[in-house]
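Those protein sequence lines, which keep their order, are chains A and B.
Position one of the first sequence corresponds to residue 1 (the working numbering), numbered consecutively onward.
Position one of the second sequence corresponds to residue 1001 (the working numbering), numbered consecutively onward.
Any given hint could turn out to be false.
Stated by the list, open to error - Example chain A residues on the side facing chain B (calculated, C-beta under 10 Å, incomplete):
1) 55
2) 57
3) 170
4) 362
5) 396
To be verified - Taking lysine-lysine pairs in the PhoX-like style, the calculated list, with each CA pair at most 20 Å apart, reads:
6) A:116 with A:129
7) A:288 with A:317
8) A:422 with B:1119
9) A:385 with B:1138
10) A:385 with A:93
11) A:154 with A:117
12) A:421 with B:1011
13) B:1138 with B:1082
14) B:1139 with B:1082
By construction, these hints were calculated from the structure, which means they are not laboratory data.
Note that CB positions come from ideal geometry on N, CA and C, so glycine has one too.
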Amino acid sequence: MSVLDVASIRADFPILKRTVRNDRRLVYLDSGATSQKPYQVLDAERDFYENHNAAVHRGAHLLAEEATDAFEHSRSNIANFIGANADDLVFTKNATEAINLVSYAFLNATLKSQHKKDLPAGSERFILKVGDEILVTEMEHHANLVPWQELCDKTGAVLRWIGLTDEGRLDLSDDSLFNERTRIVALTHQSNLLGTVNDIPAIVKLARAVDSLILLDACQSVPHMSIDVSTLGVDFLTWSGHKMLGPLGIGCLWGRAELLAAMPPFITGGSMIEVVSMAGTTFAAPPKRFEAGVPMAAQAVGLSAAVDYLRALGMDKVAAHEHEMTKATIAGLQSIPGIRIIGPEDLVDRGSAVSFVVDGLHPHDVGQVLDENGIAVRVGQHCAKPVCSRYGISAATRATYYIYNDLDDVSALIEGIHTTKKFFGV
Amino acid sequence: MYQEIILDHYKRPHGKGLNEEFQAEVHHVNPTCGDEITLRVSGNEDGTISVSYDNQGCSISQASASIMFDQINNLNFEHGEKAVEHLVAMLQRTQDPNEDVLGDGIALVGVAQYPARVKCALLPWMAWKDAAIQAGMKKER
Chain A
1 MSVLDVASIR ADFPILKRTV RNDRRLVYLD SGATSQKPYQ VLDAERDFYE
51 NHNAAVHRGA HLLAEEATDA FEHSRSNIAN FIGANADDLV FTKNATEAIN
101 LVSYAFLNAT LKSQHKKDLP AGSERFILKV GDEILVTEME HHANLVPWQE
151 LCDKTGAVLR WIGLTDEGRL DLSDDSLFNE RTRIVALTHQ SNLLGTVNDI
201 PAIVKLARAV DSLILLDACQ SVPHMSIDVS TLGVDFLTWS GHKMLGPLGI
251 GCLWGRAELL AAMPPFITGG SMIEVVSMAG TTFAAPPKRF EAGVPMAAQA
301 VGLSAAVDYL RALGMDKVAA HEHEMTKATI AGLQSIPGIR IIGPEDLVDR
351 GSAVSFVVDG LHPHDVGQVL DENGIAVRVG QHCAKPVCSR YGISAATRAT
401 YYIYNDLDDV SALIEGIHTT KKFFGV
Chain B
1001 MYQEIILDHY KRPHGKGLNE EFQAEVHHVN PTCGDEITLR VSGNEDGTIS
1051 VSYDNQGCSI SQASASIMFD QINNLNFEHG EKAVEHLVAM LQRTQDPNED
1101 VLGDGIALVG VAQYPARVKC ALLPWMAWKD AAIQAGMKKE R
């Protein structure tokens, strides 16, 4: 008996009623890429468009008021979900944009200071000098790697990274990586490929000892476990809505209030200003400073409904449920000859992203045969090419689980791999 | 999609292995799935082009490279390009498979039903075209 009532959860997800190739039932094991959406989220978004649609933070009419209320109520609700204040939560297009927003705060502060332009009080924390260091890890998604490479290229800062052990964990043996030049440590909470859940208290301790900022990419953790930024110890948290039952097109950045206040804007234009003249502009306080243009109100409302849905289930139960499937998947894969799991095989500090390679088969071919059997997995490099290189693979097949999966889905995957091996004769 | 002929080319690829001498070398990748090919070309006295390659990737991209080698090694640019264009059209379902042009490549027709795999099938052929152009083998008319 699962900790979650999967049958009643599945009834909330219309897409799970359809069949896929060869009239098979859909076994959706790609929630790490994007989750499916329950009626509650779809209905909330539809209700916004049908009954309250207007451009928020503009206009004096009733609909504009209702839309603005719905948008700001959503902000409060989503912030509450991670133990934050609404004023410290910025909506972005996705998590990638949220990370870029922080990297551009560094770039823009650095450039403006070189030209002696006005900056918010406290912006010194974001001004980089040649030789300053940005610290990432070898397990980052490209979204938390490329923006920092770019920042270094533009400022003369140096990118350094924490390597990985053969078991798929961070190798923290070289503590000189954390030093007085380290300005920000940007790392993932849970690797999207390895499934590793990083030891954040240990990282926070190392980073604080050298007075560095910390950004946590929580795309694979906020949807799957209980998160409370008031005790987590990091400075920034970034994640996306669509991986946690919410709509596409909305991501989140949480930041400490004093840091957001000290950051120059990223995307500029309407809504994010205070006073504009032809000679220059002053900017609104956060979070609006970082939300130029008409925002994604319907998506915020949808994400707020997703948060309600997850809260009602209980995030500890969500994590326990996924743990059962992770355990069964790893055991199932270990029982098949010629399978190599990429990532930790123990279940401690491990999420439900399970990647593997099948000896003699390219993941694309594995994914194709699984698809013929109704099983949707992710194949390829998972936007984490350096992780593939670290473990000497060109690509991997990945199964990821969520609240609507159960042990039957795990069995389907294991059976599908047997079918694939038989088909190709390996 | 996985016809026997494709699996045969995949398991026993033709022409795999790089020539020492070459006029142009390209490295093409399919970053979403990790297919990679290194391909070299050199011109022969009769105006034809010798091709050699080394690759890794899925069965479709590897079989397609093997078929490409069979079909366009030692053809001139014009004939090779005609084969590439025919393959593209076949995979876009705007042209029926023509065995005279594509040989075993007509077996790739099933790939057209899987848009995510079309790039795998095209990768070696596009690499050939790129390399041949870089080597200056495309003659201005």
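Given hint residue 317 of chain A paired with residue 288 of chain A - CA-CA distance at most 20 Å: This hinted pair is violated, its Cα atoms lying about 34 Å apart.
Holds or violated: residue 385 of chain A to residue 93 of chain A, with C-alpha atoms at most 20 Å apart: violated, 24 Å
Restraint check, 10 Å cut-off on beta carbons, for residue 170 of chain A near chain B: violated, 24 Å
Minimum beta-carbon distance criterion (10 Å), residue 57 of chain A to chain B: At about 38 Å, which exceeds the 10 Å cut-off, the nearest Cβ of chain B leaves the hint on residue 57 of chain A violated.
Interface restraint verdict for residue 55 of chain A against chain B (beta-carbon cut-off 10 Å): violated, 36 Å
Agreement of hint residue 362 of chain A with chain B interface, Cβ distance less than 10 Å: holds, 4 Å
Distance restraint between residue 116 of chain A and residue 129 of chain A, which requires alpha-carbon spacing of 20 Å or less: Measuring from Cα to Cα gives roughly 15 Å; hence the hint holds.
Pair hint residue 1138 of chain B and residue 1082 of chain B, alpha-carbon separation not exceeding 20 Å: At roughly 12 Å apart (the allowed maximum being 20 Å), residue 1082 of chain B and residue 1138 of chain B satisfy the hint.
Residue 396 of chain A as an interface hint toward chain B, with CB separation required under 10 Å: With a closest approach of 9 Å, the residue 396 of chain A hint holds.
Pairwise hint evaluation, residue 1082 of chain B against residue 1139 of chain B, where the allowed Cα distance is 20 Å at most: Given that 20 Å is the threshold and the Cα spacing comes to 14 Å, the pair holds.
Pairwise hint evaluation, residue 1119 of chain B against residue 422 of chain A, where the allowed Cα distance is 20 Å at most: Not satisfied, since the Cα-Cα distance of roughly 26 Å exceeds 20 Å.
Restraint status (C-alpha distance of residue 385 of chain A to residue 1138 of chain B at most 20 Å): violated, 34 Å
Violated hints, in rising order: 1, 2, 3, 7, 8, 9 and 10; the structure is consistent with all others.
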